[in-house]
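Student: Each chain is listed here by its residues.
Protein chains: 2
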Amino acid sequence: MRIAVDAMGGDHAPSEIVKGALQAALEMPEVTIILVGDTEQIKTHLGANVPSNVEIVHADDVIGPDDEPVKAVRRKKGSSMVMAGQMVRDGQAEAMMSAGNTGALMTTALLVVGRLEGIERPALGTMLPTMDDAGVLALDLGANMDAKPEHLLQYAIMGSIYRARMNGLDKPRVGLLNVGTEAMKGNELTKAAFDLLEAAPIHFIGNVEARDVLVRNCDVLICDGFAGNIMLKAMEGTAGTLFKTLRDIFSNSLITKLAASVLMPKLRVLRKKMDYNEHGGAPLLGINGLVFKCHGSSDVKAVRNTVRQAKLAIQSNLVSSIAAEISRK
Amino acid sequence: MRIAVDAMGGDHAPSEIVKGALQAALEMPEVTIILVGDTEQIKTHLGANVPSNVEIVHADDVIGPDDEPVKAVRRKKGSSMVMAGQMVRDGQAEAMMSAGNTGALMTTALLVVGRLEGIERPALGTMLPTMDDAGVLALDLGANMDAKPEHLLQYAIMGSIYRARMNGLDKPRVGLLNVGTEAMKGNELTKAAFDLLEAAPIHFIGNVEARDVLVRNCDVLICDGFAGNIMLKAMEGTAGTLFKTLRDIFSNSLITKLAASVLMPKLRVLRKKMDYNEHGGAPLLGINGLVFKCHGSSDVKAVRNTVRQAKLAIQSNLVSSIAAEISRK
Numbered sequence: 001m002r003i004a005v006d007a008m009g010g011d012h013a014p015s016e017i018v019k020g021a022l023q024a025a026l027e028m029p030e031v032t033i034i035l036v037g038d039t040e041q042i043k044t045h046l047g048a049n050v051p052s053n054v055e056i057v058h059a060d061d062v063i064g065p066d067d068e069p070v071k072a073v074r075r076k077k078g079s080s081m082v083m084a085g086q087m088v089r090d091g092q093a094e095a096m097m098s099a100g101n102t103g104a105l106m107t108t109a110l111l112v113v114g115r116l117e118g119i120e121r122p123a124l125g126t127m128l129p130t131m132d133d134a135g136v137l138a139l140d141l142g143a144n145m146d147a148k149p150e151h152l153l154q155y156a157i158m159g160s161i162y163r164a165r166m167n168g169l170d171k172p173r174v175g176l177l178n179v180g181t182e183a184m185k186g187n188e189l190t191k192a193a194f195d196l197l198e199a200a201p202i203h204f205i206g207n208v209e210a211r212d213v214l215v216r217n218c219d220v221l222i223c224d225g226f227a228g229n230i231m232l233k234a235m236e237g238t239a240g241t242l243f244k245t246l247r248d249i250f251s252n253s254l255i256t257k258l259a260a261s262v263l264m265p266k267l268r269v270l271r272k273k274m275d276y277n278e279h280g281g282a283p284l285l286g287i288n289g290l291v292f293k294c295h296g297s298s299d300v301k302a303v304r305n306t307v308r309q310a311k312l313a314i315q316s317n318l319v320s321s322i323a324a325e326i327s328r329k
Numbered sequence: 330m331r332i333a334v335d336a337m338g339g340d341h342a343p344s345e346i347v348k349g350a351l352q353a354a355l356e357m358p359e360v361t362i363i364l365v366g367d368t369e370q371i372k373t374h375l376g377a378n379v380p381s382n383v384e385i386v387h388a389d390d391v392i393g394p395d396d397e398p399v400k401a402v403r404r405k406k407g408s409s410m411v412m413a414g415q416m417v418r419d420g421q422a423e424a425m426m427s428a429g430n431t432g433a434l435m436t437t438a439l440l441v442v443g444r445l446e447g448i449e450r451p452a453l454g455t456m457l458p459t460m461d462d463a464g465v466l467a468l469d470l471g472a473n474m475d476a477k478p479e480h481l482l483q484y485a486i487m488g489s490i491y492r493a494r495m496n497g498l499d500k501p502r503v504g505l506l507n508v509g510t511e512a513m514k515g516n517e518l519t520k521a522a523f524d525l526l527e528a529a530p531i532h533f534i535g536n537v538e539a540r541d542v543l544v545r546n547c548d549v550l551i552c553d554g555f556a557g558n559i560m561l562k563a564m565e566g567t568a569g570t571l572f573k574t575l576r577d578i579f580s581n582s583l584i585t586k587l588a589a590s591v592l593m594p595k596l597r598v599l600r601k602k603m604d605y606n607e608h609g610g611a612p613l614l615g616i617n618g619l620v621f622k623c624h625g626s627s628d629v630k631a632v633r634n635t636v637r638q639a640k641l642a643i644q645s646n647l648v649s650s651i652a653a654e655i656s657r658k
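Residue numbers (this note's numbering), protein chains in the order written: chain G, 1 to 329; chain F, 330 to 658.
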């Protein structure tokens with residue numbers, strides 16, 4: 001198995017990316033890691049003992065966080081991200097991953113790797129944290145703002161296959177994000193999508209509410225990118241504000257500090273649970289190849305976890321499963 | 330001043346509604362409270378000493394929580410809710426309030442009281458809690474699912490006037506709920522609304538994110554009902570789940586219980602802050618009269634607070650201010 005890693009994308013690139021890839025290579029000797037980026041910089045972070053399953057492919061250029069996605073992908077053919085995409089397109093790698101510019105990665109996936117036939121719009125699947133740690137795969141949380149009912153249907157089919165193949169779920173429960181659980185709730189988009197989802201070859205459990213996502217009311221959450229992003233940020237903002245206020249309460253006096261110190265270890269676990277960045281890479285589904293987006297702030301652990309995901313996706317024939325299901329319709 | 334109170338609507342009607350109205354009448358002798366509902370039941374809860382500024386108007390019928398709104402309002406002309414609406418329409422009361430069926434109350438406002446000329450769609454303004462307790466008035470959080478850019482513009486104008494008149498804000502900051510703060514962010518709706526809001530006679534501060542609502546990133550938050558409701562429920566769900574998990578952590582052992590007891594008083598304050606039901610009634614803006622929606626679970630305090638709000642709205646000529654601004658365009 002060959003996985004191309006954009007060594008230059010992300011807040012902590014290339015250091016953390018290279019070190020994470022190195023760890024993954026040591027852990028999974030059956031995987032060959034191809035680090036794409038500036039050879040000199042990559043070598044510095046690789047150190048002296050480079051395992052035989054780590055290769056370097058030199059790239060002169062880098063797509064930065066502020067680059068305009070489409071323009072950057074079209075012009076910077078020699079960038080680490082685009083070159084990693086070319087390797088997937090040309091069969092030199094079975095998967096690629098990047099912690100760089102999200103828009104540029106989506107554009108690379110679309111324009112360089114290409115979309116699967118029959119897919120109207122690829123989607124980024126993000127694992128939302130849940131209290132039981134099993135997570136909810138949400139499509140989409142903001143990669144595409146407006147969606148049509150047919151897009152939501154394809155998100156549901158792709159998400160369902162992902163959870164079945166990657167997490168071994170027998171019948172992943174697909175829920176439609178809505179303002180109430182009754183069938184007729186919602187706006188024009190969700191009402192039309194509801195009917196399509198009911199007729200689809202998935203385990204559709206109906207409308208689900210944002211208030212219950214943390215207790216895992218479904219395994220695959222379907223929403224348009226606008227509503228999904230609003231939900232995600234409302235959850236993050238509420239958790240962040242509450243934890244900040246708790247800190248203020250705890251540091252109020254000597255006695256509250258003492259009391260807080262007893263509770264702190266468990267609160268840290270809770271805080272970590274709520275951090276959706278902990279959940280590794282997000283798959284770009286609907287692409288004719290495996291593309292994973294790592295969070296911009298990815299560290300060694302996040303990179304290693306995403307390599308594991310990519311390996312599992314290769315082994316489970318994720319892309320061909322999705323292609324088969326979509327062409328069946 | 331005369332305020333009609335639907336004595337029969339709400340989870341705790343008529344008991345809590347009547348008692349709350351009684352408290353309001355004692356506190357505000359300049360306000361006459363008209364309790365609309367079953368005379369016998371109302372009298373039971375009023376007790377022996379009824380102040381002279383409390384009147385009863387008998388209503389035979391009640392609109393229940395499961396009644397289909399439009400049908401109920403059309404057929405149940407003798408219901409307490411519809412009769413309270415008729416009193417506002419006929420000038421027998423300057424405001425009405427109800428803790429009953431939200432859809433039916435909106436329908437009563439539209440079909441019985443009537444909308445203001447030039448208003449395309451009335452909106453329910455809900456006060457979202459903020460950490461500084463000043464609150465954010467959100468329009469709309471789910472009364473109307475789909476919205477056009479022009480609707481959002483009218484929400485902004487009405488909400489702005491409400492905060493200025495009711496809370497004495499000089500230039501209420503109007504924010505557009507979006508997935509990022511940059512001007513070009515969002516879906517088709519928010520992009521079109523952004524341009525309208527920029528040209529409007531309001532203090533538009535641009536796009537705001539759901540993650541910052543709790544720290545009061547604006548005074549008036551504009552959104553379509555679908556996205557607003559998703560945001561509200563994501564906030565409620567996250568806060569609810571976190572507080573529940575805190576309780577579990579606290580009750581873990583004797584020592585954690587002891588530690589928790591030190592922190593509990595402050596945590597209760599925080600929990601209360603987060604409860605958007607604490608913020609009294611929600612005004613229905615764009616109606617040719619004052620209509621307030623109390624939360625279904627309203628207690629004595631909530632009812633009393635909403636009477637105070639209604640009184641302030643009458644004194645500040647809220648409806649004619651909105652009418653004047655809308656007709657100016």
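These are computed hints drawn from the structure, not numbers from a lab. Do not rely on the hints blindly, as some may be mistaken.
[As the list claims (entries may be wrong)] Using C-beta positions, here's what the derived DEER-type ranges look like:
(1) F/K601 to G/E150: 31 to 39 Å
(2) G/E30 to F/K601: 24 to 32 Å
(3) F/D524 to G/G47: 49 to 57 Å
(4) F/G509 to G/S253: 35 to 43 Å
(5) F/E449 to G/A192: 19 to 27 Å
(6) F/D524 to G/E188: 41 to 49 Å
(7) F/S344 to G/E188: 34 to 42 Å
The beta carbon of each residue, even a glycine, is placed where N, CA and C say it ideally should be.
Student: Against this structure, judge whether each hint is valid.
Tutor: Now for the hints, and whether the structure bears them out:
1. F/K601 to G/E150: 31 to 39 Å: With a Cβ separation near 45 Å, F/K601 and G/E150 fall outside 31 to 39 Å, so the hint is violated.
2. G/E30 to F/K601: 24 to 32 Å: Taking Cβ atoms as reference, G/E30 and F/K601 lie about 56 Å apart, which means the hint is violated.
3. F/D524 to G/G47: 49 to 57 Å: 54 Å, holds
4. F/G509 to G/S253: 35 to 43 Å: 39 Å, holds
5. F/E449 to G/A192: 19 to 27 Å: 23 Å, holds
6. F/D524 to G/E188: 41 to 49 Å: The hint (41 to 49 Å, Cβ to Cβ) is violated, given that F/D524 and G/E188 are roughly 23 Å apart.
7. F/S344 to G/E188: 34 to 42 Å: Given a distance of about 41 Å, which is inside 34 to 42 Å, the answer is holds.
Checked against the numbered hints above, the structure breaks hints 1, 2 and 6 and satisfies the rest.
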